[in-house]
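Chains as they are written, first to last, in my numbering: chain A, 1 to 390; chain B, 1 to 135.
Read the hints as simulated data drawn from the structure, not as lab findings. You may find that some hints are simply not true.
As the list claims (entries may be wrong) - Just the calculated beta-carbon pair ranges, DEER-fashion:
id	chain 1	residue 1	chain 2	residue 2	range
1	B	E117	A	G262	35 to 43 Å
2	B	R94	A	E177	51 to 59 Å
3	B	P35	A	E177	38 to 46 Å
Unchecked claim - Reference listing, derived: stretches of chain B covered by chain A, where coverage requires no fewer than 3 residues with Cβ under 8 Å from a Cβ of chain A:
id	stretch
4	46 to 58
5	86 to 98
6	108 to 118
To be verified - A few chain B residues that don't get close to chain A, going by computed Cβ distances all over 10 Å:
id	residue
7	A20
8	G28
9	T29
10	L38
11	K42
12	R63
13	E80
14	H81
15	H83
16	G103
17	P125
18	R127
19	G135
Backbone N, C-alpha and C fix where the C-beta goes; we use that ideal spot for every residue, glycine too.
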Amino acid sequence: MKRRPRLWVAAAALLVGAALAEPLVSPLNNEDVPRLLAHGPWPPSALRDPSNRVSAHPAAIGYGGALFHDVRLSRDHSLSCASCHQPGRGFSDGLPHAAGPQSGTRNTPGLDNVGLQRWFGWDGANDNLWAQSLRPLLDVREMGNSLPQLARTVRSDPGLRDGYRRAFGHDPGADDEAVAVDLAKALAAYQETLVSRRTPFDDFRDAVARGDRQAAAAYPAAAQRGLALFLGRGRCYFCHVGPTFSNGEFSDIGVPFFIGKGQVDPGRYGGIQALQRSRYNLLGPFNDDAARSSATSTRHVLLEHRHFGEFKVPSLRNLARTAPYMHDGSLPTLRDVLRHYSELNEDRLHADGERILVPLRLTPAETEDLLAFLDSLNEPGAAPARTGTP
Amino acid sequence: MTGKAVLGLLAAWSAGTALACGDNLGSGTRRIESPQFLLVYKLLPDPVPVGRHFNIEFALCPRAQAPLPGEVRVDAQMPEHKHGMNYRPTVSPRGPGQYRAEGLMFHMPGRWELSFELRSPGAAPQRLSQSLQIG
Numbered sequence: 001m002k003r004r005p006r007l008w009v010a011a012a013a014l015l016v017g018a019a020l021a022e023p024l025v026s027p028l029n030n031e032d033v034p035r036l037l038a039h040g041p042w043p044p045s046a047l048r049d050p051s052n053r054v055s056a057h058p059a060a061i062g063y064g065g066a067l068f069h070d071v072r073l074s075r076d077h078s079l080s081c082a083s084c085h086q087p088g089r090g091f092s093d094g095l096p097h098a099a100g101p102q103s104g105t106r107n108t109p110g111l112d113n114v115g116l117q118r119w120f121g122w123d124g125a126n127d128n129l130w131a132q133s134l135r136p137l138l139d140v141r142e143m144g145n146s147l148p149q150l151a152r153t154v155r156s157d158p159g160l161r162d163g164y165r166r167a168f169g170h171d172p173g174a175d176d177e178a179v180a181v182d183l184a185k186a187l188a189a190y191q192e193t194l195v196s197r198r199t200p201f202d203d204f205r206d207a208v209a210r211g212d213r214q215a216a217a218a219y220p221a222a223a224q225r226g227l228a229l230f231l232g233r234g235r236c237y238f239c240h241v242g243p244t245f246s247n248g249e250f251s252d253i254g255v256p257f258f259i260g261k262g263q264v265d266p267g268r269y270g271g272i273q274a275l276q277r278s279r280y281n282l283l284g285p286f287n288d289d290a291a292r293s294s295a296t297s298t299r300h301v302l303l304e305h306r307h308f309g310e311f312k313v314p315s316l317r318n319l320a321r322t323a324p325y326m327h328d329g330s331l332p333t334l335r336d337v338l339r340h341y342s343e344l345n346e347d348r349l350h351a352d353g354e355r356i357l358v359p360l361r362l363t364p365a366e367t368e369d370l371l372a373f374l375d376s377l378n379e380p381g382a383a384p385a386r387t388g389t390p
Numbered sequence: 001m002t003g004k005a006v007l008g009l010l011a012a013w014s015a016g017t018a019l020a021c022g023d024n025l026g027s028g029t030r031r032i033e034s035p036q037f038l039l040v041y042k043l044l045p046d047p048v049p050v051g052r053h054f055n056i057e058f059a060l061c062p063r064a065q066a067p068l069p070g071e072v073r074v075d076a077q078m079p080e081h082k083h084g085m086n087y088r089p090t091v092s093p094r095g096p097g098q099y100r101a102e103g104l105m106f107h108m109p110g111r112w113e114l115s116f117e118l119r120s121p122g123a124a125p126q127r128l129s130q131s132l133q134i135g
């Protein structure tokens with residue numbers, strides 16, 4: 001591996017206007033510093049979804065949190081959202097494939113920081129969190145409910161009706177679809193509050209940003225070496241970039257997408273088709289923002305054959321709680337994920353002449369360093385109870 | 001008038017034209033030149049953040065007698081990754097030779113090739129392009 005100059009302190013000092021007297025031994029070079037800084041700050045400033053009129057409203061957040069755990073949202077009252085999105089597991093379920101009334105073909109994604117996403121689901125079939133929240137309520141493979149039944153449930157139960165009134169300022173109306181979409185908007189308002197806490201990486205990143213050598217030195221050396229690989233030879237940051245460690249887009253990384261004999265998961269290609277068909281997208285009638293100010297991605301998204309077999313680039317925060325990994329849950333551990341990238345089968349990649357994704361051929365020591373880096377993206381301690389505080 | 005004086009006047013006129021092109025875009029503009037056109041553009045915002053939508057305002061100034069194209073398309077490719085953007089930008093005219101492109105996104109850091117394709121009926125498209133380092 002090419003030896004890289006260790007100039008990050010000087011670069012950081014230039015950035016913050018401070019002069020640091022002693023160099024800190026670090027594997028980061030001067031090119032890495034702005035790349036490092038691009039992965040923060042954390043947490044991001046609070047966002048409000050303009051497409052959801054109850055986004056960030058405390059009453060809606062509380063109502064959505066209660067709905068999230070309410071089995072009456074499923075057709076046979078056997079499942080709630082929390083049945084698969086379990087708070088103690090990073091809001092995932094620990095299974096390779098989602099297990100509802102019918103087994104799915106994709107891994108249940110965690111919900112930490114879900115409100116920061118642009119596209120929702122492994123294929124990005126939804127462009128907003130309330131539409132994504134409505135989808136499993138109606139999907140026969142999951143909660144299997146219907147718009148009329150959801151609306152009846154809310155209207156007929158005093159507690160649900162009262163919560164609806166507090167969240168939306170009026171009783172549920174006669175339009176079943178509007179009531180069901182409102183339930184989804186309350187669920188979205190709750191999920192927007194599921195923001196993960198700061199991590200050791202965030203402390204390191206901020207220490208570098210302010211030129212604080214002493215604070216930066218607290219970051220483990222193995223994690224620093226792993227970070228250097230992540231930003232350098234590994235080129236992981238090409239896709240896992242930004243404060244959530246995801247560019248929010250989709251990629252084909254050579255994970256097989258066969259889901260049975262003669263069947264394939266089209267991934268992003270099918271997701272764009274579903275998005276464009278959906279009446280719940282941001283160009284549709286249920287967007288509460290008349291100006292459609294957040295619909296830029298939907299308006300301009302491009303459907304091309306290359307999107308076949310692409311899946312969303314996941315966030316890397318709190319990965320420890322969301323095993324197994326990949327869109328199909330096919331890799332049980334992060335060590336398996338690193339092995340996938342180390343031994344990447346280039347024949348499975350769609351792009352001819354691919355020059356960014358190449359087999360990394362990681363040494364055992366490099367694998368350990370990358371694992372140490374990924375571990376530094378986890379919140380310290382046990383999984384916290386996210387209370388749905390706005 | 002001597003030949004030298006004519007050349008001087010032409011150079012002054014040419015320089016004046018070049019200075020005027022895109023002046024309305026303010027500071028922070030970039031230029032692409034071809035024998036027939038000068039294109040001055042401004043990235044909004046600049047620098048472009050990775051994975052976020054951005055827009056481009058640009059002015060297209062014909063040299064000599066070249067007419068303005070009937071249509072302008074904007075696109076970008078990432079040559080090292082053999083793919084383009086995941087979004088198709090729209091281009092709206094904002095006055096003679098003035099345009100705004102919306103809906104672009106560079107979803108990866110690295111080198112992108114930004115291109116402006118000028119199309120006119122009955123003529124081969126002309127492409128003005130420039131390399132940008134992102135992130």
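Results for each hint:
1. B:E117 - A:G262: 35 to 43 Å: holds (41 Å)
2. B:R94 - A:E177: 51 to 59 Å: violated (40 Å)
3. B:P35 - A:E177: 38 to 46 Å: 59 Å Cβ-Cβ, so the 38 to 46 Å window is violated.
4. 46 to 58: Result for this restraint: holds, n = 3.
5. 86 to 98: Per the Cβ count (5), the hint holds.
6. 108 to 118: holds (count 3)
7. A20: Fine: 32 Å to the nearest Cβ keeps A20 of chain B off the interface.
8. G28: At roughly 19 Å from the nearest Cβ of chain A, G28 of chain B sits farther out than 10 Å, so the non-interface label holds.
9. T29: holds (23 Å)
10. L38: The claim stands: L38 of chain B keeps its Cβ more than 10 Å from every Cβ of chain A (closest is about 28 Å).
11. K42: Label holds. Min Cβ-Cβ 18 Å, cutoff 10 Å.
12. R63: For R63 of chain B, whose nearest Cβ neighbour in chain A is about 32 Å away, the distance exceeds 10 Å, so it holds.
13. E80: violated (5 Å)
14. H81: violated (5 Å)
15. H83: The claim breaks: H83 of chain B does not keep its Cβ more than 10 Å from every Cβ of chain A (closest is about 6 Å).
16. G103: Since the minimum Cβ distance to chain A is about 3 Å, G103 of chain B lies within 10 Å and the statement is violated.
17. P125: P125 of chain B clear of chain A: closest Cβ-Cβ about 19 Å, beyond 10 Å.
18. R127: holds (19 Å)
19. G135: Label violated. Min Cβ-Cβ 7 Å, cutoff 10 Å.
When the structure is compared with the earlier hints, violations turn up for hints 2, 3, 13, 14, 15, 16 and 19 and for no others.
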